[in-house]
Amino acid sequence: MEEQAPSPVMKPPTKSKGILRWTKENLFNTWYNALFTLLAVVFLYVVFKGLLTWAFTEANWGVIPANLQIFLVGAYPKDEIWRVWIVIYTLGLLLGLSAGIWGGLALRLALVIGGVGGGVGIILAFFPAALSNRFGLLGGVALLAGSLFLGRGRKELRLWVLGGWLLSFPWTMIWLHGFAGLPTVFTSNWGGLLLTLILAAVGIVVSFPLGVLLALGRRSNLPAIKWFSTAYIETVRGVPLVTILFMAQIMVPIFLPDFRLDKILRAMLGITLFSAAYMAENVRGGLQAIPKGQHEAAHALGLNYPLTMLLIVLPQALRSVIPAIVGQFISLFKDTSLVTVIGLLDLLGIAKTVIANPDWLGLQAEVYLFAAAIYFVFSYSMSYISQRIEDALGVG
Amino acid sequence: MENNLPKSVSEKIPFWRDVRVLRVLFQVGFLIGILLLAGILYMNMLRGLRGLGLTLNLDFLNDEAGFGISEGIAYEPSDTYLRAFWVGVINTIKVSIIGIVCATILGLVVGIARLSSNWLVRNIAAIYVECFRNIPLLLQILFWYTAVILQLPSVRQSFTFFGGVFINQRGVYLPSPQATSGVQIWLGCLAGGVILAVILYLVRLRKLRQMEQPGFPAKWALPAFLLVAFVGWFLTPGRPFTWELPALKGFNFAGGTYLSPEFSALLIGLVIYTGAFIAEVVRSGIQAVAKGQREAAKAIGLNEFQTLRLIVLPQALRVIAPPLTSQYLNLTKNSSLAVAIGFPDLFNVGNTMMNQTGQSIPIFGMIMMSYLIISLTTSAYMNWYNRRINQIGR
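The listed protein sequences derive, respectively, from chains S and V.
Be aware that the first sequence starts at 1, since it is given in my numbering, and climbs by one per residue.
Be aware that the second sequence starts at 1001, since it is given in my numbering, and climbs by one per residue.
You may find that some hints are simply not true.
Stated by the list, open to error - Stretch by stretch, here's where chain V covers chain S in the computed footprint (C-beta under 8 Å, at least three residues):
#, segment
1, 216 to 230
2, 254 to 267
3, 368 to 381
To be verified - Not the full set, but computed from the structure, chain V residues with beta-carbon under 7 Å of chain S:
#, residue
4, Val-1019
5, Arg-1023
6, Met-1045
7, Val-1121
8, Ile-1124
9, Leu-1139
10, Ala-1147
11, Ser-1360
12, Ser-1375
As the list claims (entries may be wrong) - The following residues of chain S were derived to be distant from chain V, with all beta-carbon distances above 12 Å:
#, residue
13, Leu-107
14, Val-205
15, Ala-289
16, Ile-290
Calculated from the structure, these hints are not laboratory results.
In this text, a Cβ means the ideal position worked out from N, Cα and C, and glycines have one as well.
Using the sequences and the accompanying hints, generate a full structural model.
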């Protein structure tokens, strides 16, 4: 028997490439990429040198800690800020429990919020001139983590937590506004990040069902409803939000003289009516993607129109457009800054008043960059969560 | 046969359970509700207007406006309100068109850069996109206006580029081309160049068809045209155009093209913000082109640029066109943020008119109509473009 020669053993291809190899493959693989790399390095050097020199030698960051409170809550009275903390703790508790019970989206949201809150809390704790109760944020994060741990696997708490979410909105408003014996804080004193978040939350919560109704209306085969929905959606989408906000300010008192809506409520009305039209278009995209057979099957089972929509069509349609809806939420959050133009003191409005303060003249760049950083953290977190949902659902 | 059917089917359905009747009833109810609401609002409006002592008509448009507009087409405070509004409309269209062109170029470059094989370029582009699309546009515009442009040096210490571009806190001064008497000679040269180029293009196209080879049909025509234009430029006595340079006269620059700080800030804000969104549109469009298309292009020997120009971009354009349209519309509508920094666009002028006349209802109507007309025209054009590129090969 002729013995077969063993095949020569070869080493597996190396996976780690070494920094030189990586540089060659990713930065200098062709002559024009080498050129681009050099240009990019020069660009980065110029930009970062200028930015860092400015940030560490010329900029006066003292304006931020000195005005931190009004950036966060506007003119909300100092003695009543504990009410804001109660609201934050309530929401933290609810979010923690939901994250523990359902996992998934709620868990991601809790992790992102907890991470950001914890990070900011640690930074604040080292700041000399921060809020008097600067450990409050860390307490909130601890509460979030604690309730997450408590809620794990407690399916029987489901209904309680859902009810809690439903009540959380009036609860928030009652605490912020004041009730029985508590001094009333008028909405004109709400401001800063607090107002931005309230405007965004109201806009999201109210415009979503409105948008779904409008989308169903546009897809309806009843001509009157279809025409009305289409006309509403197209008109609103054709004009800028600033126009709608000004109209809400000027026209509501003309058309509804008997309702004394205050400025903030009128702004909420404008934002909600505007956002609903965009929401409707996103939902319509999802509705169009549902095969006709689903409608027909539901019909065959004897379901009427509301039940077909509620049980069969909408759950599938909404699931497929979650990324688009979250994108709409992000742009709604950014759009709340437009209330500055009608004179409300949201985060951007507060930034403008701080700049106009004679004690802090000439610090536009510092103040705007700080406000921009806050907006960035919120919108980037939302788009990060949306990306994760997209990956998890396999849609988008 | 009919007797075999169940009783409930053969019976006539009562009208309150007949779907056809219900549909009509439901819609009639809906319409009555809407009309009732509109009626209440209308009565309230009449009551409010009586209280203010106003009547609902458009006569005020022919009155003298009496307020100044800082920039735009020819206008005097003694002109009518209608003229003032028209100046605002033209300003909105101007900033939108320039903004759309610049944002498209920026977005295209960044979108392609995000897919570059160069790690550094790819990540710089990604950081740009993530930073600027997650910060509100109004904040960005205010930043460019108050923290950058208004902080620039004064007129006497302007930044100067190439001896003809001056940037200071009063705005940007650019050289503008001025036609001389020789411009007709040069235009004649250009016309000749175009004729030559068309002939060369057709000749080469025919030749390529005969040889049945791929190629760039304008390979001869383009250089020929440029050569004629170039030679003609220097043969024209006194050159066809001279650059009128801005020059310091007294306390300010005179001559050349002038961009006000408000216009510059609005334009920079709109272009950088919308550019980030367009970059994402371009990137997803290019990624939507099937991988096999690139591989096939590589297999038949096209290089990277040819693949991009001949294979990827034409197909990506079909995916890109609809979302690009909505970005263009967004840019146009976002130009209304001009009201925050005092650029006299149509919304800002309309707002001033409302403050002066109190005629908020007709003026809001005019503003909304203007935006709707601009939006509908843009989307009609883009839909036409979309249809055109979709016809190819489908």
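Each hint, compared with the structure:
1. Residues of the segment 216 to 230 of chain S lying with their CB closer than 8 Å to a CB of chain V number 5, which satisfies the three-residue condition for coverage.
2. Coverage of the segment 254 to 267 of chain S by chain V holds. Counting CB-CB distances below 8 Å, 5 residues qualify, and the rule asks for three or more.
3. Proximity of the segment 368 to 381 of chain S to chain V, defined as three or more residues with a beta carbon under 8 Å from a beta carbon of that chain, is established by the 8 residues found.
4. Below 7 Å, beta-carbon pairs count as interface contacts, and V/Val-1019 has none with chain S, the closest being about 10 Å; its hint is therefore violated.
5. Restraint check, V/Arg-1023 versus chain S: the minimum CB separation of about 6 Å is within 7 Å; hint holds.
6. Using the Cβ-Cβ criterion of 7 Å, the hint placing V/Met-1045 at the interface with chain S is satisfied: the shortest such distance is roughly 6 Å.
7. Interface restraint check: V/Val-1121 against chain S, minimum CB-CB distance 5 Å, threshold 7 Å, status holds.
8. Taken as an interface hint, V/Ile-1124 checks out: its beta carbon lies about 6 Å from the nearest beta carbon of chain S, inside 7 Å.
9. For V/Leu-1139, the interface hint holds, the least distance from its beta-carbon to any beta-carbon of chain S being 6 Å, beneath 7 Å.
10. Checking V/Ala-1147 against chain S by beta carbon gives a least distance of about 4 Å; that is within 7 Å, so the hint holds.
11. Look at V/Ser-1360: its Cβ gets to within about 5 Å of chain S, closer than 7 Å, so that hint holds up.
12. A least Cβ separation of about 4 Å between V/Ser-1375 and chain S falls short of the 7 Å threshold, and the interface hint therefore holds.
13. No Cβ of chain V approaches the Cβ of S/Leu-107 within 12 Å, the least distance being about 23 Å, so the stated non-interface status holds.
14. Look at S/Val-205: its CB is around 20 Å from the nearest CB on chain V, clear of 12 Å, so calling it non-interface holds up.
15. Once the 12 Å rule is applied to beta carbons, S/Ala-289 is consistent with being away from chain V; the minimum gap is 16 Å.
16. No beta-carbon of chain V comes within 12 Å of the beta-carbon of S/Ile-290; the shortest separation is about 20 Å.
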